[in-house]
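Just so you know, the protein sequences line up as chains A and B, in that order.
Under the working numbering, the very last position in the first sequence is 118; numbers go up by exactly one each time.
Under the working numbering, the very last position in the second sequence is 118; numbers go up by exactly one each time.
Hint data in this document are derived by calculation from the structure and do not stem from the laboratory.
Same chains, same label: a pair holds when it works inside one copy or across any pair of copies.
The list that follows gives simulated cross-link-like pairs (lysine-lysine, DSS-like), each with its CA atoms no further than 27 Å apart:
1. Lys94 to Lys35
2. Lys84 to Lys35
3. Lys35 to Lys83
4. Lys94 to Lys84
2 protein chains.
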Amino acid sequence: MRREGRLVSEAAPFDNLRLELRRGCLVLAVLAALKRERYGYTLRTRLEENGISIDEGTLYPLLRRLEAQGLLQSEWREENRRKKRFYRLTRAGKPVLSALLDELKELNASLNRITQEA
Amino acid sequence: MRREGRLVSEAAPFDNLRLELRRGCLVLAVLAALKRERYGYTLRTRLEENGISIDEGTLYPLLRRLEAQGLLQSEWREENRRKKRFYRLTRAGKPVLSALLDELKELNASLNRITQEA
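Here chain A stands alone, though its shape is the one from the complex:
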């Protein structure tokens, strides 16, 4: 096996698996942060302060998707003389967030048991 090949094949699966893991949790983080109304910049800052960095090219499509699904609502408003789009969790989004948090709790408990026993 060539050295370059090995380096690539060892790095790539981890990065992909890590992305897969983060993707599911990212939605949860966005929904959870939007229990309080925020606009894009303050949302990103809040997530980053808590260790979840997300670039704009990922965040805005995700916000649009969650809004189209009825989990978020948004509103354009002026703040400090600038129009900003404020997002917040909808009434329909609350039980979804709560069920996803429960799901994650169960997944974590399952993983803990499997990791300890194996």
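Guided by the hints, dock chain B onto chain A, whose structure is given.
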């Protein structure tokens, strides 16, 4: 909004988000369970006993993918007069599993902070 439409639009996003969340954790569960050598049936049983059910149509492609990535290795052997394919985590898979478990721990910590503050 029509009732049928609402029911569909409320159920579908949750199911998709739930699947997204499970997908990332599933790989972790499989890798963790294969720190000990198991064949398909005993692996599925171990996961199910611990609350992670996975059908064969999902499990076997995942095992092949993880083996192709060098994280798992497999071997056909006879046990109780039947040929079985035994899987286990490779030496290269161990640090990947461990890094993914660390990543999940950090994601959980981030989510806890965001959930509590928002």
